[in-house]
Amino acid sequence: VEGSSSIEWGLTSALGTTTSDPAMTTTHSLPLSGLAPGTLYYARAVSINAMGETVTSPTRVYATVSESSGNIHVYFTGSVDHTVATDEFAMSLGTSTNDTIAAWITSAQHTLEIAVYNTNNVAIENALNTAAANGVQIRYIAEGSNANLGIDDFDSSIAVHYRTDGEGSGMHNKFFVGDADYPETAFVLTGSTNMTTANLNTDKNNVIVFQDQSLARGYRLEFNEMWGSDGMVPDAAASKFGPDKTVNTPLKYIVGGSPVEVYFSPSDGTTSAIRKTIETMDYGMAFALLSFTRDDLADAIIDGSNFFVSPVGAIEEVGGTGAEFETLVDAGIDVHSHQGISGSLHHKYAVIDYSEPLSDPIVLTGSHNWSSTAENVNDENTVIVHDARVANLYYQEFRGLLISMGVIDAVEDVDGKIAITAYPNPTSDIIYVEVSQDHVGSEFTLRDISGREIARFLATTERVSLDLSQVEAGVYILSTQKLSSSLQIIVR
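Numbered by the numbering used here, the letters in the sequence shown go through residues 84 to 575 in order.
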């Protein structure tokens with residue numbers, strides 16, 4: 084039905100400004116002028132038809148593009164595989180991850196809003212106390228059911244508020260918001276890691292930092308909902324956690340030219356957003372998850388798998404009630420158990436179409452495990468980043484993870500860098516040999532255990548496929564004269 088077009092908008096939910104077009108149409112589009120950069124606006128659409136009937140959309144919050152740098156930084160605690168790097172090498176910080184997070188904390192000059200599930204790392208505590216001593220106003224939300232031993236050593240000026248209802252994992256976020264009102268220094272730091280020594284030093288985790296004021300203001304709005312006010316003193320009566328929260332933040336941003344989506348649980352329909360992201364895969368998907376118990380997300384992966392698209396995954400918790408691991412295995416998905424391997428796989432990420440820069444490569448990460456508790460009970464945050472560079476960085480980590488698990492075999496050069504990988508191994512038909520840039524152009528030989536040459540090929544690119552479907556089952560050796568070590572290939 085045709086109707087007029089109006090947008091009611093403003094800096095608060097009271098709106099106050101109206102932009103209208105009386106022309107009757109079924110396609111409604113209006114430009115808004117005079118908007119400030121890096122600012123959150125409340126808006127709703129209104130249309131009146133020829134009968135005088137009015138249709139009004141819900142009021143939502145939207146963000147303008149900020150004047151911040153828009154730089155996106157990515158760090159990993161585990162190993163990475165630079166042989167699949169398209170440009171930039173992914174950064175594996177190992178036990179220095181806490182120092183890097185501490186540096187971001189002390190980079191804040193004015194304010195810090197922090198929502199972290201658990202904290203006991205001395206470097207993080209010291210950084211917060213240093214920031215407080217420098218005059219930074221710090222507000223901190225934690226999960227009340229955890230020990231949070233680090234909080235005992237906080238400077239007295241750091242205001243702390245707890246979620247205490249004991250439901251699910253409670254306040255499960257892991258995010259820092261710095262200088263939200265200052266475009267030059269604003270940042271959001273999030274990812275999968277808690278601020279515990281085990282998570283930072285031993286477990287597999289990722290950290291992603293956005294230098295963007297709009298995103299910082301969106302995260303601060305979520306923080307304030309849990310805090311109960313926008314001041315330094317929390318308001319327990321107004322504070323909202325879990326299912327009590329509302330859809331109160333922007334869902335979409337532009338950061339450094341790349342679309343970024345942000346979903347807070349339980350209010351924002353995060354699982355639906357994850358499913359829709361999975362359904363975009365046209366070329367490939369890699370996922371690394373602590374917990375995976377959602378049938379709908381398993382179905383999305385299975386439905387997206389076909390002759391041309393082969394999702395690959397790693398999961399820590401493969402057993403227990405509702406675990407999807409066996410369901411995926413039974414459906415032919417190439418998924419691997421990390422259970423029993425030293426250092427918990429604590430990630431909650433997926434990478435879509437990482438190999439195709441023109442196919443909207445996506446990274447999805449944050450605190451949200453793929454579970455109903457994360458969807459319906461916990462306080463969580465999830466970022467969905469549409470950026471080929473970021474997708475490749477995460478894929479480098481995923482490959483490093485598979486190598487560390489023994490899923491992919493690898494040979495290192497004299498400098499300890501990964502030079503050759505082969506996957507899948509064992510194989511019954513095609514095996515992919517991937518080499519670092521230094522070894523493109525090298526000649527490779529495949530021999531059986533008696534030394535008889537089976538195949539010889541030139542690695543003209545960084546990825547070469549080798550058809551072994553006509554080769555007898557057995558053990559074979561892949562080598563090149565440029566490396567002293569060789570790869571053992573098993574044909575079944």
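For the record, the hints were derived by calculation from the structure and aren't laboratory data.
A few of these clues could be false.
[As the list claims (entries may be wrong)] Straight-line distance between alpha carbons at most 20 Å, and here's what the computed EDC-like set of lysine to aspartate or glutamate pairs gives:
#1 Lys335 <-> Glu250
#2 Lys565 <-> Asp550
#3 Lys328 <-> Asp443
#4 Lys328 <-> Asp248
#5 Lys335 <-> Asp443
#6 Lys328 <-> Glu344
#7 Lys565 <-> Glu526
[To be verified] If you anchor each label on the Cβ, the simulated ranges turn out as follows:
#8 Tyr515 <-> Thr404: 20 to 26 Å
#9 Leu113 <-> Val316: 52 to 58 Å
#10 Gly99 <-> Lys335: 42 to 48 Å
#11 Gly489 <-> Gly557: 17 to 23 Å
#12 Asn389 <-> Thr101: 45 to 51 Å
#13 Asp521 <-> Thr285: 27 to 33 Å
#14 Tyr515 <-> Asp104: 44 to 50 Å
#15 Asp104 <-> Ser312: 34 to 40 Å
#16 Ala538 <-> Asn209: 54 to 60 Å
#17 Val316 <-> Asp235: 50 to 56 Å
#18 Leu441 <-> Ile560: 34 to 40 Å
#19 Val412 <-> Phe390: 31 to 37 Å
The beta carbon of each residue, even a glycine, is placed where N, CA and C say it ideally should be.
* Structure versus earlier hints, numbers of those that do not hold, lowest first -> 1, 2, 3, 8, 9, 10, 14, 17 and 19
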